[in-house]
Amino acid sequence: MRQIEAGAITRAVKEAAIAANYELGEDLLAALARGEQEEESPAGREIFRQLLENARIASRERVPLCQDCGLTVIFAEVGQETRIVGGGFEQAVQEGVRQGYGEGYLRKSLCHPLTRQNTGDNTPAVIHTEIIPGDRLKLTVVPKGGGSENMSRLFMLKPAQGWAGIKESVVTTVKEAGPNPCPPIIVGVGIGGTFERAALLAKKSLLRELGAPNPDPQLAALEKELLDAVNKLGIGPQGLGGRITALGVHLLMQPCHIASLPVAVNIQCHASRHKEIEL
Amino acid sequence: MSKEVELTPPLSDADVMALEIGDRVLISGVLYTARDAAHKRLIDMLVAGQKLPVDLKGQILYYVGPSPARPGRVIGAAGPTTSYRMDSYTPTLLALGLKAMIGKGKRSPEVIAALQQYKAVYLAATGGAGALIAKCVKRAEVVAFPELGPEAVHRLEVENLPAIVVNDCQGRDLYDEGVRQYAVPG
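Protein chains in written order, with the working numbering: chain L, 1 to 279; chain S, 1 to 186.
Source of the hints: derived by calculation from the structure; they are not laboratory data. Incorrect hints may appear among the rest.
Derived DMTMM-like pairs (lysine to aspartate or glutamate); straight-line CA-CA distance at most 25 Å [said to hold, decoys possible]:
1) Lys138/S to Glu53/L
2) Lys119/S to Asp13/S
3) Lys175/L to Asp87/S
4) Lys135/S to Glu61/L
5) Lys158/L to Glu168/L
6) Lys224/L to Glu77/L
7) Lys119/S to Glu4/S
8) Lys232/L to Asp173/S
9) Lys108/L to Glu141/S
10) Lys204/L to Glu90/L
11) Lys175/L to Asp13/S
12) Lys3/S to Glu46/L
13) Lys135/S to Glu53/L
14) Lys40/S to Asp121/L
15) Lys3/S to Glu53/L
16) Lys3/S to Glu26/L
17) Lys138/S to Glu61/L
18) Lys108/L to Asp36/S
19) Lys108/L to Asp87/S
20) Lys135/S to Glu130/L
21) Lys158/L to Glu176/L
22) Lys204/L to Glu23/L
23) Lys108/L to Glu157/S
24) Lys204/L to Glu77/L
25) Lys224/L to Glu209/L
26) Lys135/S to Glu26/L
27) Lys175/L to Glu225/L
28) Lys224/L to Glu149/L
29) Lys232/L to Glu276/L
30) Lys175/L to Glu110/S
31) Lys138/S to Glu103/L
32) Lys119/S to Asp173/S
33) Lys3/S to Glu40/L
Model the full assembly from the supplied sequences, consistent with the hints where possible.
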């Protein structure tokens, strides 16, 4: 058994939360630079220019890319041959979020659902844990903004609706969201599983590197079809009209019940922040 | 044709009636911030017959909940939040003489009608450009509801904060017209 100190988990989460909020990934920077070249709408090109400048300022001056530093979602892959010592795993992760949002001058954006009282330290983070073979522990820290999360939807389709129904669900979600989720967006789509699994697949699909093809060629073709359909909507950067509404559509799929066809659409704003760390 | 206009509050009816959708505005001077919780507080105070902590006549409200400032800095990141959540409160504030709001995203038909009725405009700043927009903020102080943290009402002094006119006093909507221009049928 490989031992991992709870304190090391806390430190890793803290640093990843701060880094994710200051530094946009290379994949996003490349997509924004391509957008500035390819967008036909002059207002849209200006938006891409501003977003690239924003990323440079955030990185240089250690300011968050966006004032919405998100609800922190953590995907954890825990090797079954590891043993966490010196504290509980979940407590260690939450403490990392607490320290990162404090020391990194990140906005605390969580509150009681009814009283709306802020929790004060951006906890509790939402943690999804998977047990995997081996002795590594991988954590992906994903600050998820509220504006794009609010525009996400879940559909329990009839099996007879098939691919056409899935496509309509995705296009309708993006169309109704319009300018609200800060386009250009990335669209995460989860197909199959159960009610909650479809939503988790949709969120997880957003972790894939932007521009990297789906490893499944069938899904890659479907992603392209959805991206073309979404970009025909004309919403464009910030919803001001343009060719580039989405920078990518990502699909994850798994078998579902013979009675069901769950489809979840998780919208991600252009500030697609995620930071991976391995211990 | 869209034009570039410099705006400094307090704004008059004539100032806002000269604006059309697509115009790029550069705002300098004082802005007040308010988002979800502050709007609820303001409306609750009006219902209770109390005087508001800021006089909104001729002013601009910026829908933002900034991130905390590092020591020695004026403010953290300070981009706009999504506006539709404020829609139910907005006509009441426009009736008090509020002249403009800065946010992002669509407004309700009721807000668009109220902009025509009370002569006011809705402006969009670039969502997710919080670090860039923060450079325009020269001073920031909390003037009401400090217990709301990032949702407190701040008084900001800004220089050349860029925004675009999305809804004007004529009832036009840049989001509708802009998207129609680029939508591909089928």
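Okay, the hints, checked on the actual structure:
1. Lys138/S to Glu53/L: 19 Å, holds
2. Lys119/S to Asp13/S: 6 Å, holds
3. Lys175/L to Asp87/S: 20 Å, holds
4. Lys135/S to Glu61/L: Distance of about 11 Å is within 25 Å: holds.
5. Lys158/L to Glu168/L: 13 Å, holds
6. Lys224/L to Glu77/L: The given pair, whose Cα atoms are some 29 Å apart, is violated under the 25 Å limit.
7. Lys119/S to Glu4/S: 20 Å, holds
8. Lys232/L to Asp173/S: 20 Å, holds
9. Lys108/L to Glu141/S: OK: Lys108/L and Glu141/S at ~18 Å, within 25 Å.
10. Lys204/L to Glu90/L: Given pair Lys204/L, Glu90/L holds - Cα atoms ~20 Å apart, limit 25 Å.
11. Lys175/L to Asp13/S: 34 Å, violated
12. Lys3/S to Glu46/L: Satisfied, since the Cα-Cα distance of roughly 15 Å is no more than 25 Å.
13. Lys135/S to Glu53/L: With Cα atoms ~11 Å apart, Lys135/S and Glu53/L stay inside 25 Å; holds.
14. Lys40/S to Asp121/L: Holds - the C-alpha atoms of Asp121/L and Lys40/S are around 23 Å apart, at most 25 Å.
15. Lys3/S to Glu53/L: Cα-Cα ~23 Å, so holds.
16. Lys3/S to Glu26/L: The given pair, whose Cα atoms are some 35 Å apart, is violated under the 25 Å limit.
17. Lys138/S to Glu61/L: Holds - the C-alpha atoms of Glu61/L and Lys138/S are around 16 Å apart, at most 25 Å.
18. Lys108/L to Asp36/S: 15 Å, holds
19. Lys108/L to Asp87/S: Measuring from Cα to Cα gives roughly 24 Å; hence the hint holds.
20. Lys135/S to Glu130/L: 42 Å, violated
21. Lys158/L to Glu176/L: 22 Å, holds
22. Lys204/L to Glu23/L: 20 Å, holds
23. Lys108/L to Glu157/S: 24 Å, holds
24. Lys204/L to Glu77/L: 13 Å, holds
25. Lys224/L to Glu209/L: Holds, at about 15 Å.
26. Lys135/S to Glu26/L: Between Lys135/S and Glu26/L the Cα gap is close to 24 Å, so the pair holds against 25 Å.
27. Lys175/L to Glu225/L: Given that 25 Å is the threshold and the Cα spacing comes to 16 Å, the pair holds.
28. Lys224/L to Glu149/L: 23 Å, holds
29. Lys232/L to Glu276/L: Measuring from Cα to Cα gives roughly 33 Å; hence the hint is violated.
30. Lys175/L to Glu110/S: 21 Å, holds
31. Lys138/S to Glu103/L: 23 Å, holds
32. Lys119/S to Asp173/S: Holds, because 15 Å separates the two Cα atoms, which is no more than 25 Å.
33. Lys3/S to Glu40/L: Between Lys3/S and Glu40/L the Cα gap is close to 20 Å, so the pair holds against 25 Å.
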